Amino acid sequence: MIKTQNVTFSYSATQKFHFPDVDCPNGQTLLVTGNSGTGKTTLLHLLGGLLQPTAGNITINNQDILQLNAAKLDAFRGQSIGMILQKSFFIEALSVLDNVVLASWIAKKSKAKEKALSILDNLGLKDHVHKLPSQLSIGQQQRVNIARALINNPSVILADEPTSSLDDENALIVARLLSDLAKEYQSSLIIVTHDQRLKSLFNHQITLS
Amino acid sequence: MISKIAWKNTWFKPLNTFLSIILLTASVSIISILILLQKQFEEKFSSSMDNIDLVLGAKGSPLQLILSSVYQIDAPPGNISYTEAEVWMNKPMVESAVPLAYGDNYLGYKIVGTTENYTKHFGLKIQQGNLFAKDFEVVVGSNIAANIGLKIGDTFFGTHGDVEEGEVHDHHAYKVVGILVPSGKVADQLILTNIASVWHMHDHEHEGHAEDAHNHSAEEPHVHAEGEEHHHEEVNPHEGKEITAVLLKLRNNMAKMTWPRIIPQNTEMQAASPALEVNRLFALFGVGISALTYLAYGIMFISGISIFVALYNTLKERRYEFALLRITGATKFQLLWLVLLESIFLCTIGFILGIVFGRIGLYFLSISSQEEFKMAFDPFEFLWKEEGMLFVATLAVGIVAAIIPAIKAYSLNISKTLANA
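Protein chains in written order, with the numbering used here: chain A, 163 to 371; chain B, 71 to 491.
FYI, nobody ran anything at the bench for these hints, they're computed from the structure. Remember, it's a predicted structure, so these values are computed and weren't measured experimentally. Each hint should be verified, as a subset may be incorrect.
[Stated by the list, open to error] For lysine-lysine, the following DSS-like pairs were computed, each having C-alpha atoms within a straight-line distance of at most 30 Å:
no.: 1; chain 1: A; residue 1: 234; chain 2: B; residue 2: 78
no.: 2; chain 1: A; residue 1: 273; chain 2: B; residue 2: 83
no.: 3; chain 1: B; residue 1: 129; chain 2: B; residue 2: 114
no.: 4; chain 1: B; residue 1: 83; chain 2: B; residue 2: 190
no.: 5; chain 1: B; residue 1: 114; chain 2: A; residue 2: 178
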């Protein structure tokens, strides 16, 4: 679960964001929408500990992440937060499987190879595990991203525009898949998007302005 | 796992990797050849020089005398009178004296007439058979036995001079009675016999010239040396026999200092110090070796730049990779380590290939130097200290080249990188 209170952030003196409070229990999905420039990605980076807010609290699993020092925050991020980005990034030189296993090794110092295989299998990527990421289609790449975000059973999954590069059919499939997986893994799922197609799917929504 | 990423990344862009590795390999192999050559060269020269304080020989170039007498790689400057040399050999401050008479060869291997003092002086041991006892009996060095397959009981004819294609002394055949244990010294390449054999070999030539004016030619044998003028003996008919040089070990440091001056003043001979002459020779070589070493370090410097450029250029496309690692929980330090490690891998591969190619190069160099100078080098020797230092230097180049890209990766702003993706 993830909670925020009165989070504000500013890139400069003129550009200030005051974000509405976020409260997303385990297994639930929260959709954060808003037009460009309203701070969607900024909010996501704040929640993921990639940026430090000017004021406010961010609590993940009863841990105030602003109290953590840089190294502990890195470790906490690896173990408790799974991030899915708009574009699919990979270690290009590693296979699909190794890309997923890598996330478990960085977070927990152990290689969860079996688990990575079963998640990839679940996501229909069984035949592609030994390929290089660049050999997959965009939709498949996005699913590898999801697998990587899930490998450490994170408390929170943060997804930044996970469907914007997908066609209608795939966008809905991915969105449903994410919310189903969040239920299954009892994670809080926060999707930041301007994708209108998703609005009808989720009840819990916040609109930034 | 970081090392796995680094390793895979090294091979993911093989072209960049290839250039850096080629440059590293070139510089490391040149340096390792030079290190080995210099070490083994000096070792060969120094080990044969052990126990020799002075060399007595004909006047002329002292370096030539040393090269010919101690190392057997040059023609002797001339001959000296045995009786005159004996005056000095028998002085009380002489600990041991080894007379040498040479000037003939067999298939390019020098035949040296000497006494058993030679084997004692250089600590040579007989592997098979015995030391020469009678005239025309020879003991051969281990390399000769191995290279031309001489066995105990074999016989051969010597050739005049120091090249294979000389006049053959076919009056007497030498007979192999012993083979030496390999010593790493010049003796590995020598055929040793007693001095009388060398004299007799040349007596026969004089018998051929029996009608020559001097009827005492039989009692006046001499050893031919390159450059020696034959009318010398007619002009100066000297009773006694001639030898080429005497290796001296002295008891007295004073004599080591003064003899090189006294002997040429009072006799027709000179006394040269091997240590001095060889140092002079090394100094000459040293210039060339230093120049090559600087060149090789220059190549290493360029390879460092090549690694830097390769890493720096890929930073832009790899910043998402770094951001990805950070959002999955990698620390800044792990990114720094990743970039450094990639460079270290390159350097290690370059170093290993360089050492291997250096060995191969030295192997071929050794084959040709053995043919030309009868001097072999061992390509399988490892100089842990020097080559360890070279490895440290190579790694240092890699780390310095990677430090700026590594710091860039370390200080990457992930949020900004992802927001601008």
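Legend entry - Hinted pair residue 273 of chain A and residue 83 of chain B, Cα distance within 30 Å: holds, 26 Å
Inset, instruction - Compare the distance between the alpha carbons of residue 129 of chain B and residue 114 of chain B with 30 Å, and conclude whether the hinted pair is satisfied. - result: holds, 26 Å
Legend entry - Holds or violated: residue 83 of chain B to residue 190 of chain B, with C-alpha atoms at most 30 Å apart: Not OK: residue 83 of chain B and residue 190 of chain B at ~62 Å, beyond 30 Å, violated.
Legend entry - Pair hint residue 114 of chain B and residue 178 of chain A, alpha-carbon separation not exceeding 30 Å: violated, 79 Å
Legend entry - Hinted pair residue 234 of chain A and residue 78 of chain B, Cα distance within 30 Å: holds, 28 Å
This entry does not satisfy hints 4, 5, going by the numbered hints stated previously.
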